[in-house]
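Between the sequences and the hints, there should be enough to build the whole structure, so can you do that?
2 protein chains.
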Amino acid sequence: MKKNIIVGQSGGPTAVINGSLYGVASEGIKNPAVGHVYGMINGIEGFLQGHYMDMEELEQSGELEAVRTTPGSFLGSCRFKLPEDLTSSVYPELFQKFEELEIGAFFYIGGNDSMDTASKLSRYAQSINSDIRFIGVPKTIDNDLVETDHTPGYGSAAKYVASTVREIAIDASVYDNKKSVTIVEIMGRHAGWLTAASVLARKFEGDNPILIYLPEVAFDQDAFIKKVEKALETTPNLVVCISEGINDGKGTFICEYASDVGVDNFGHKMLTGSGKYLENLVKDKLGVKVRSIELNVCQRCSSAHLSRVDLDEAVNAGIYAVQAALAGETGKMITFNRSRSNPYELSYGTADVNIICNAEKAFPGEWITEEGSDIGGEYLEYVLPLIQGCVEVPVKNGLPLFAYRK
Amino acid sequence: MKKNIIVGQSGGPTAVINGSLYGVASEGIKNPAVGHVYGMINGIEGFLQGHYMDMEELEQSGELEAVRTTPGSFLGSCRFKLPEDLTSSVYPELFQKFEELEIGAFFYIGGNDSMDTASKLSRYAQSINSDIRFIGVPKTIDNDLVETDHTPGYGSAAKYVASTVREIAIDASVYDNKKSVTIVEIMGRHAGWLTAASVLARKFEGDNPILIYLPEVAFDQDAFIKKVEKALETTPNLVVCISEGINDGKGTFICEYASDVGVDNFGHKMLTGSGKYLENLVKDKLGVKVRSIELNVCQRCSSAHLSRVDLDEAVNAGIYAVQAALAGETGKMITFNRSRSNPYELSYGTADVNIICNAEKAFPGEWITEEGSDIGGEYLEYVLPLIQGCVEVPVKNGLPLFAYRK
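Line by line, the protein sequences give chains W and L. Using this note's numbering, you'd call the opening residue of the first sequence number 36 and step up by one each time. Using this note's numbering, you'd call the opening residue of the second sequence number 36 and step up by one each time.
Hints are supplied without guarantee of correctness; some may be wrong.
Which copy is meant is left open, because identical chains are indistinguishable; a pair holds if it fits in one copy or across any two.
[Unchecked claim] Once the Cα atoms are required to be at most 25 Å apart in a straight line, the calculated DSS-like pairs of lysine-lysine come out as: (1) Lys-318 with Lys-261; (2) Lys-238 with Lys-441; (3) Lys-116 with Lys-324; (4) Lys-37 with Lys-311; (5) Lys-238 with Lys-431; (6) Lys-116 with Lys-214; (7) Lys-324 with Lys-265; (8) Lys-262 with Lys-213; (9) Lys-324 with Lys-311; (10) Lys-213 with Lys-238; (11) Lys-265 with Lys-441; (12) Lys-441 with Lys-214; (13) Lys-116 with Lys-320; (14) Lys-324 with Lys-431; (15) Lys-132 with Lys-213; (16) Lys-441 with Lys-213; (17) Lys-213 with Lys-116; (18) Lys-132 with Lys-238; (19) Lys-285 with Lys-262; (20) Lys-441 with Lys-396.
No lab work stands behind these hints: they were computed from the structure. Keep in mind the model is a prediction, meaning the values are calculated, not measured.
As structure tokens, then:
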């Protein structure tokens with residue numbers, strides 16, 4: 036008898052996480068070895084409460100195609116950590132539900148925390164000799180998953196950051212007869228991948244952003260002020276890009292110098308205001324006009340800066356996940372293997388999800404310049420293929436047409 | 036003998052202010068009645084210091100076409116207020132420079148403050164019997180100039196706001212099993228035109244943003260909290276849009292309840308943080324998860340959300356300005372006259388710049404719903420034609436290619 040499959044989304048949204056959903060659903064619907072395709076509403080947390088939907092209805096109504104180019108998590112998301120203790124009653128409860136729906140394979144689209152879910156479920160399955168297969172589909176604008184060249188979501192977010200910083204620099208330069216500093220704060224708690232993409236904003240050598248700071252380098256406030264002062268001599272409208280997670284290298288985030296911060300469900304420190312803190316610091320020390328800009332959530336969910344390469348790869352990751360499960364794989368995450376950058380060549384594979392969920396891939400030190408405030412090395416070669424191509428998002432009444440759950 | 040013309044940009048940038056520059060320059064270069072076309076660097080302020088360029092060089096190098104789709108002020112801008120006293124020495128100084136360059140017509144692309152410059156120069160010209168013609172070309176995302184149906188820059192900014200709020204609402208909804216409030220702060224000190232455009236973000240009736248607050252309506256903090264509480268009952272992930280300039284109706288901005296603010300060159304109060312203030316207020320009163328997002332400067336300079344109608348009209352305003360000057364007009368601003376909305380029909384005209392520089396066009400009260408927290412009436416009919424059509428911005432290496440001064 037053919038088994039059904041179920042797919043869920045977890046963690047923060049990206050511009051292409053629905054591309055992977057589309058990939059899993061369309062392949063599941065099309066593949067003769069698959070029965071029904073279900074979608075968990077609000078991930079594992081919603082599913083535990085009995086919330087799921089039939090993905091075939093979307094295909095029948097013609098909406099599945101719009102899901103492909105809709106940013107955010109169409110199925111809804113959650114930040115729900117399964118218990119470390121595999122003897123917890125939540126596991127038999129979940130597997131009971133899987134059995135009721137005759138689930139043969141489970142797909143979870145997300146980042147580290149979601150891979151943690153896939154890891155626990157696959158280990159529990161092994162412990163009870165269940166043959167349900169658990170596959171993780173990578174997704175994160177942070178690009179910090181190990182065992183894969185990059186992750187879906189990063190290319191579009193990098194393109195958003197590069198285009199937006201380029202526009203911010205133009206905006207900042209209109210009064211180029213007056214000195215000013217613009218500090219742009221970009222997402223990234225521990226890994227500077229997304230902030231690094233701001234280097235692409237330069238229209239020519241020596242253009243803004245002049246200074247770029249990642250969490251991977253200990254941030255020295257005095258050295259920063261000296262560099263800003265020096266840079267203002269040649270670039271009167273200075274743009275500085277920083278990761279939200281810049282820190283002093285001793286475990287204290289720069290924003291913590293200003294105020295206390297809370298902790299989220301997963302124990303991550305909740306960050307706000309490194310840019311604001313530095314704005315006040317520069318104003319105080321140098322007395323020039325300063326503003327700080329926190330790039331808003333659109334850096335993870337803008338459909339206007341979709342990279343075609345990124346979206347295609349997100350869709351393919353979903354398709355490949357279904358095929359891998361059907362081939363018998365479980366406890367794996369789909370990975371991207373790059374054989375060359377120019378011309379760009381990529382193949383898909385799998386890696387042990389247990390390795391991935393407990394690690395973070397930092398931005399390579401050799402791609403950060405010696406002074407710690409610029410990006411160099413082979414980063415451009417690495418990132419350029421990932422931001423190529425535009426995606427035509429359907430338009431209605433002059434605005435992007437997005438799919439939503441009715 | 037043929038006279039030369041000079042064009043400048045002033046005030047904040049928009050996505051299409053360079054479209055008008057392109058219009059003036061291309062018409063000036065093409066029109067046999069015009070000699071050379073000069074561009075003031077950093078507006079009247081830079082010109083006083085002797086900074087200008089030859090616009091024909093741009094055409095010869097092929098860069099003028101890229102100027103058309105480049106956001107921001109290609110020539111640089113200024114916020115320089117000419118003295119009220121027309122006997123000030125700055126006037127003969129300027130006219131001496133005009134004479135040296137054999138200027139026959141002067142074009143200034145900007146908002147109210149720029150029209151103030153055009154007004155003073157044309158009045159001074161009259162007082163000394165100079166035949167130099169002074170024409171203002173409208174530009175402002177605020178859409179607050181009188182005597183014109185709308186202003187270039189508004190359509191693209193409205194499209195940015197609508198698309199971005201739609202994406203923010205999607206991002207906010209991914210954890211739709213938890214209550215949350217997202218407050219989006221949109222530019223607009225006195226006029227709510229741009230914030231009103233957030234109504235376009237709704238994908239269906241009853242969709243976010245549920246509450247929209249403009250500066251035209253006195254903001255009542257208690258009533259606001261009650262409305263938020265009520266809206267959360269049916270919309271767990273509530274999105275609220277506010278103008279930066281919301282105020283209590285008695286002359287105090289809401290952000291001033293939190294902190295003191297400064298004053299810029301023109302005596303405008305410098306605003307920051309109405310959204311942040313309300314974020315804390317909601318957190319304090321209702322204890323739900325709240326975040327505030329200040330839309331960044333891209334609301335005025337994003338090339339990714341260019342409206343084709345807006346850009347075409349900006350270019351046409353520049354072309355029409357040159358033709359109006361050649362026809363003998365002076366002391367005028369180019370105006371847009373709409374004869375119908377569906378199908379959209381527009382013609383160009385001129386109005387006395389003296390009337391325009393001292394007035395602001397508020398968002399019509401009849402388009403604000405009775406309760407003061409939503410947009411209705413004929414606003415949709417008004418705004419929809421202005422956001423139609425996409426503009427293909429040239430791309431290089433996956434990113435928008437912008438013109439810049441070498």
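For this session: Check each numbered hint from earlier against the structure, then list the numbers of those it violates in ascending order.
Result: Hints 4, 13, 14, 18 and 20 are the ones this structure does not satisfy, whereas the remaining hints hold.
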